[in-house]
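Going by UniProt numbering, the sequence shown opens with residue 1, and the numbers climb by one from there.
Worth flagging that the hints you see were computed from the coordinates, not collected in a lab.
We put the CB at the ideal spot given by N, CA and C, even for glycine.
There could be a bad hint or two in this list.
Here are the in silico distance ranges between beta carbons for each label pair [unchecked claim]: (1) D216 x G278: 27 to 37 Å; (2) V107 x A43: 54 to 64 Å; (3) E123 x D173: 15 to 25 Å; (4) V107 x E145: 39 to 49 Å.
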Amino acid sequence: MSLFWRVFLLNAAVFVAGAAVLMLSPATISAPVSPTEVVVLLAGLVVMLVANLALLRIGFAPLGRLIRAMTSVDLLRPGAARPEVRGRGEVAELISAFNAMLDRLEVERATSNARALSAQESERRRIARELHDEVGQSLTAVLLELKHVSDEAPAEVSGKLNQVQEITRDSLDEIRRIARRLRPGVLEELGLASAVKSLTTELHDHAGPAARYRVDGELPALDDSAELVIYRVAQESITNAARHAAAHRLDVLVRSDEHGVRLRVRDDGHGIGEAPEGAGIRGMRERALLVGARLTIGDAPGGGTEVLLHLPNRSA
């Protein structure tokens, strides 16, 4: 039965019941209407309205649950409980269609995320290669030329040229550091454990928070996409702790057991609180979806922020 006819029949049932009560009861209406009759009519009207309200509330309850589910759904947190298919007719069909739409959107979003992140990594590699090959070589040539000129210049000019050399050398080191962050060559050459360790070492070299890194268990063989996701999540978490959390200590743990691989990044900063998630955190969630991992971000015990990434063991 359609929703239209259900509402119509509910209202019709209420009015028929009211008419039956008026016909079967000894109450009469005179002209003019007496105060007692007005009270009886008003009481009957109130009873009819309350009954109609209760019946409609029961009939539309499944729609209310569907509305709450629609306002709370987040495609970056897949696998959330679907609203239960209850009710009849169009209401049940609407809830079923909404659940099917969520399943389809999750699959489509995962596919589009995979394409977008693949294109992003390709662009990162291209930029890193151009920084290293083009800008890096140009600055190296500038350094050599500055050294040649400094050797032949007078003493008062040579000192200033040496300062320019130091600035150029620092710029070259910074460009190389940016290129390494864009294209984690250490991940390809030395593996995940060494790549994550290099992030904490680099943080220490740049006067960042005191970082501690630990690997618990032997890491299994992971495919390139899974290793890259773990590395990028660790990179973004460490960067957030250093730049935004005002943290003094940072603890990075990579653990492997029969349930899968877990990454935990914990700092002692001011915590995430009620701040809305920015592009960095949403990017981490999209990467986690790409490999079927679960990402949790919240307050750390004792203060600060804790980022947990769990990549389940697919063979388990």
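We went through each hint and held it up to the structure:
Under the hint 27 to 37 Å, the C-beta atoms of D216 and G278, about 30 Å apart, fit the expected range. The supplied range of 54 to 64 Å is met by V107 and A43, whose beta-carbon atoms lie about 57 Å from each other. Range check, E123 to D173: about 23 Å between beta-carbon atoms, so the 15 to 25 Å window is met. For the pair V107 and E145, the supplied restraint of 39 to 49 Å is violated, since their beta-carbon distance comes to about 56 Å.
In this structure, only the earlier hint numbered 4 is contradicted, and the remaining ones agree with it.
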